[in-house]
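Enquirer: Sequences are here, hints too, so could you generate the full structure?
2 protein chains.
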Amino acid sequence: MSVVPKECKLPSATPIHPPQRFLFGPGPTQVDERVYQAMSQPIVGHLDAYFLRLNEEIQQMLRVVFGTENPLTFVISGTGSGGMEAAISNFVEAGSKVAVLANGYFCDRMTEMATRQGAEVVRFEKAWGEVFGDDEAAEFIERERPRTVLYVHAETSTGARQQGKAICTAAHKVDALVIADVVTSLGAMPVQVDETGIDIAYSCTQKGLSCPPGLAPITVSPRAAERMNARTKPNRSWYFDLKLLNDYYNLSHRYHHTASISLFYALHEALRLILEEGVQNRWVRHRRCHVEFVKGIEALGLKMHVANPEHRVINLNTPCVPAGVDEAKVRKTLLDEHGIEIMGGFGPLAGKIFRIGVMGPLATEAHVATFLQQFGKAMGK
Amino acid sequence: MSVVPKECKLPSATPIHPPQRFLFGPGPTQVDERVYQAMSQPIVGHLDAYFLRLNEEIQQMLRVVFGTENPLTFVISGTGSGGMEAAISNFVEAGSKVAVLANGYFCDRMTEMATRQGAEVVRFEKAWGEVFGDDEAAEFIERERPRTVLYVHAETSTGARQQGKAICTAAHKVDALVIADVVTSLGAMPVQVDETGIDIAYSCTQKGLSCPPGLAPITVSPRAAERMNARTKPNRSWYFDLKLLNDYYNLSHRYHHTASISLFYALHEALRLILEEGVQNRWVRHRRCHVEFVKGIEALGLKMHVANPEHRVINLNTPCVPAGVDEAKVRKTLLDEHGIEIMGGFGPLAGKIFRIGVMGPLATEAHVATFLQQFGKAMGK
Numbered sequence: 001m002s003v004v005p006k007e008c009k010l011p012s013a014t015p016i017h018p019p020q021r022f023l024f025g026p027g028p029t030q031v032d033e034r035v036y037q038a039m040s041q042p043i044v045g046h047l048d049a050y051f052l053r054l055n056e057e058i059q060q061m062l063r064v065v066f067g068t069e070n071p072l073t074f075v076i077s078g079t080g081s082g083g084m085e086a087a088i089s090n091f092v093e094a095g096s097k098v099a100v101l102a103n104g105y106f107c108d109r110m111t112e113m114a115t116r117q118g119a120e121v122v123r124f125e126k127a128w129g130e131v132f133g134d135d136e137a138a139e140f141i142e143r144e145r146p147r148t149v150l151y152v153h154a155e156t157s158t159g160a161r162q163q164g165k166a167i168c169t170a171a172h173k174v175d176a177l178v179i180a181d182v183v184t185s186l187g188a189m190p191v192q193v194d195e196t197g198i199d200i201a202y203s204c205t206q207k208g209l210s211c212p213p214g215l216a217p218i219t220v221s222p223r224a225a226e227r228m229n230a231r232t233k234p235n236r237s238w239y240f241d242l243k244l245l246n247d248y249y250n251l252s253h254r255y256h257h258t259a260s261i262s263l264f265y266a267l268h269e270a271l272r273l274i275l276e277e278g279v280q281n282r283w284v285r286h287r288r289c290h291v292e293f294v295k296g297i298e299a300l301g302l303k304m305h306v307a308n309p310e311h312r313v314i315n316l317n318t319p320c321v322p323a324g325v326d327e328a329k330v331r332k333t334l335l336d337e338h339g340i341e342i343m344g345g346f347g348p349l350a351g352k353i354f355r356i357g358v359m360g361p362l363a364t365e366a367h368v369a370t371f372l373q374q375f376g377k378a379m380g381k
Numbered sequence: 001m002s003v004v005p006k007e008c009k010l011p012s013a014t015p016i017h018p019p020q021r022f023l024f025g026p027g028p029t030q031v032d033e034r035v036y037q038a039m040s041q042p043i044v045g046h047l048d049a050y051f052l053r054l055n056e057e058i059q060q061m062l063r064v065v066f067g068t069e070n071p072l073t074f075v076i077s078g079t080g081s082g083g084m085e086a087a088i089s090n091f092v093e094a095g096s097k098v099a100v101l102a103n104g105y106f107c108d109r110m111t112e113m114a115t116r117q118g119a120e121v122v123r124f125e126k127a128w129g130e131v132f133g134d135d136e137a138a139e140f141i142e143r144e145r146p147r148t149v150l151y152v153h154a155e156t157s158t159g160a161r162q163q164g165k166a167i168c169t170a171a172h173k174v175d176a177l178v179i180a181d182v183v184t185s186l187g188a189m190p191v192q193v194d195e196t197g198i199d200i201a202y203s204c205t206q207k208g209l210s211c212p213p214g215l216a217p218i219t220v221s222p223r224a225a226e227r228m229n230a231r232t233k234p235n236r237s238w239y240f241d242l243k244l245l246n247d248y249y250n251l252s253h254r255y256h257h258t259a260s261i262s263l264f265y266a267l268h269e270a271l272r273l274i275l276e277e278g279v280q281n282r283w284v285r286h287r288r289c290h291v292e293f294v295k296g297i298e299a300l301g302l303k304m305h306v307a308n309p310e311h312r313v314i315n316l317n318t319p320c321v322p323a324g325v326d327e328a329k330v331r332k333t334l335l336d337e338h339g340i341e342i343m344g345g346f347g348p349l350a351g352k353i354f355r356i357g358v359m360g361p362l363a364t365e366a367h368v369a370t371f372l373q374q375f376g377k378a379m380g381k
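Listed in order, the protein sequences are those of chains A and B. All the letters of the first sequence, read from the start, carry residue numbers 1 to 381 under my numbering. All the letters of the second sequence, read from the start, carry residue numbers 1 to 381 under my numbering.
Treat the hints as calculated values from the structure; they're not laboratory data. C-beta atoms are modelled at their ideal positions from N, C-alpha and C, and glycine is treated no differently. Do not rely on the hints blindly, as some may be mistaken.
Not close to chain B: a few residues of chain A, all C-beta gaps over 10 angstroms, as computed [as the list claims (entries may be wrong)]:
#	residue
1	21
2	57
3	328
4	364
5	369
Footprint (simulated), chain A over chain B, 3 or more residues, beta carbon under 8 angstroms [unchecked claim]:
#	segment
6	15-23
7	46-55
To be clear about the criterion: a stretch of chain B counts as covered by chain A if any three or more of its residues have a C-beta under 8 angstroms from a C-beta of chain A, and this derived list gives those stretches [claimed, not checked]:
#	segment
8	113-124
9	198-212
Expert: Spelled out as C-alpha cells, the structure:
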C-alpha cells in the first residue's frame, strides 16, 4: 500500500505565525479581537438548533445594516465574488437582456459573469472613476428595456460611489430588476436597500463589516423573489441556488451544504459590534475619518482621483500618484517598514492611484494621523 | 436619512457561546484546539507574500493526503459542495455525455449538477448501500462511452465505499475523465488519487481533515488539466473557474477573489497535525476504531447496513435501526443528555439507519467506548 507519491518529499510547514499588519487596503481590513474570539469557539453541527438560531440572528442584524425588510436576507458560504455569482446566476437567465452601468473593474466582472450565463449584455461605459448622472442612466435603461440592470454602489477599483435611486426607478418602469454590488460599502456607508429600491444587493464580510473573508451577505426583494420562484429553468449553479439555500436556512431546514460555521460565529460578533456602536454612528465615524484623511492627503500635495467629494466612497480613498513617484516602492516601504498594507490601482488606473481603505477598527483619528505620517515619509515628504 | 426600516426592531443577539458538542455525526467533526488557535490568528491580505507561501505549503501537504503528484492541487473558498460544483462545472460541458455510478444521495447531487450544466446523464443505479463490482462498472462505462464518469468514493448517505480502480481503467479506455467525490474519506481513509487513476477528486475540510467547514480541496490530473485548458466555451461559473484560480494561486498571483484567509490558517494547521501523526498512522488509527466500533455495535445486537466489511467507509458507520426503536428519540436523548450529535438516514434510508462518524480527535478507543456506552443506554440496552 504505497501512499506518499514516490517523488514527494514530506513538506515542511511551520506553525501559523502571521506578520503584524495594518490593513489599510481596500480589504480585507482589520478585525476586532472580539470577532477572532467568537470565530475560534468550538463548532456545532450545521443543523444544530444553536446554529439555526444564530443564523436567524445574523439575518435580523443584516437587515438593519442593509436597510431592508426583505425576508430573504442571508449569508452565502463563499466570498463576495461568490455573492456576485449568486446574484447573477439566480437573476440573469440565458438569452435575457442585461444592462450594465460600467465604470470600473467590478462592473466588468459582472459583465463577464452575465456573459457566461448566456445573457445579452449591453453596456453604458464611463471612464474609471466617473459616475452616471440620473438622467443619462434613466435614459439608457428606458431605451434598452433590459430584464436586469447591474451597477456597483462603491467601486473598489476606482473609489467612486454610484447613486442608485434613479437607476432603480427607471429599471422598475420597464419591469427590470436591479442588482447592486455593495461589497465595499456595506457596514461603512449607508446602503439603504429599500429606500433606494434595489432588488438584489450582495456584499462580503471583509470590508465594511470588519470580519475575516469567506461569507457573502445577500438580500432579495419580494418582487425579485417572485421572479426567482417563477423561473422555469433552474439556476445552473446548484451551490448558489437561493431557493435551495432559503429552504435550508429558513423553511424546511433541509440539508443543502455544510455552512461555514466558524465564519458565521465571526460575522455574528462583527454585526453585534456594529449594532452596539449604532449603524448611523458607524457611518458618521467613517465619514469623519474620510474627511480627515482627504485633508491630510491634500496637505501632502496629492489630489483625489474622484474629483467631486460627493462621488467618493468614504471608506476607500483613491489619491492620485504624483508625477515622479514610484507607487510600488511607496507600498513596499510601508509594508516592509511599518507592516502597513495599501494597494495600487490596476487596469487603466495601474500606477496612477493608491487605494487606501480607512475602515472598521482603523477608522479613528489617531490611526488616520499615524497613517498619514508614515505615508508622507514613504513618499519622501 | 432614515436607516433602520420603520418596522424593524433592533435585534438582540447574545455573544457566541455554543453548547458543548461531541460531533459523532458524518460531519462536521471535532476540531483540535490547535486548529482553532491557528484560525484565530490575525489575518493578512489575500496577496500578502505570507498568504501565498502558506497557500503553497497547503498545496504540498494536500498532495500527500490525496496521494498525488498533480501540480493542480489546491483549495476552493467554498464548502465541499462547492468543490463538487467546481469539479462538475469545469469538466462537464453542455451536451456532453456523463455516466454516473449511482448508489446514494451524493451521486444524485452530482447528477443534478451535471443536468443543470446541460449534460446528457446516464446512470447505473444500485440500492443505497450497495457498491459496483469491477466488471459491471467497466461494462457500463465501455458500453456508454461517456466523456466523464462520476462516482462517490465514500457515500456519506449510506456508509458504502466504492473501489475506483476498475472504473478509472475503463473510463480511460474510452478516453473519459473520472471525477471522484472523496468528501468523507480524505484524511481518514486511503484515497490514493494517482494509484487509482482518478482525474479529479474534491473534498471538504470538516470530515476526515478535522477542520471547520468552508473550504474544498481539489486535485486535477495533468490529463484533465489539458482538457480543461482546451475548452472553447468558458466555465459558466466564474467563481469556480479552476483556470482563473490557478492563475491567482500559482501563476501570476493576479487577484481573483479574496480567499477565506482564516480558514486557510485552520486547514494549514489541520494538515500539519495529519502529517505529524503520519498519513498511514492516521488511517490505521481510524481503521482500528472502526473495528472497535463495529464490534461494540454488534454486541448491542445491531447489524451494519453495509453487510460486507470490505465495502464499509471506515470513518462513517451506518448501523441499522433495530425494529421497534425510534431513532429520532435516540438521537435526541444523546444530544440533550450528553451533547453527542449523530445523524439518521434520509431518502430511502430515513428511519432505517444511524450515521455515526468516528473520526479525527474522537477516533480513539476511549471515545469509542464512552460513545457505545451512552448509545447503548439511549437505546434502552
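Enquirer: Determine for every hint whether it applies to the structure shown.
Expert: Do the hints match the structure? See the list:
With 10 angstroms as the threshold on Cβ separation, the claim that residue 21 of chain A sits away from chain B is violated: the shortest Cβ distance comes to roughly 5 angstroms. Distance to chain B contradicts residue 57 of chain A as a non-interface residue, since its nearest Cβ pair spans about 4 angstroms, not more than 10 angstroms. Against chain B, the non-interface label of residue 328 of chain A holds: every CB pair exceeds 10 angstroms, the least being about 13 angstroms. The Cβ of residue 364 of chain A sits about 18 angstroms from the closest Cβ of chain B, beyond the 10 angstroms cut-off, so the non-interface label holds.
The Cβ of residue 369 of chain A sits about 22 angstroms from the closest Cβ of chain B, beyond the 10 angstroms cut-off, so the non-interface label holds. Chain A is given as covering the segment 15-23 of chain B, and this holds because 8 residues of the stretch bring a CB closer than 8 angstroms to a CB of that chain, at least three being needed. Restraint check on the segment 46-55 of chain B versus chain A: 4 residues with Cβ-Cβ distances below 8 angstroms, three needed, restraint holds. Three residues within the 8 angstroms Cβ limit are the bar, and the segment 113-124 of chain B against chain A gives 4, so the coverage statement holds.
Check on the segment 198-212 of chain B: 3 of its residues sit with their Cβ under 8 angstroms from a Cβ of chain A, so the three-residue criterion for coverage holds.
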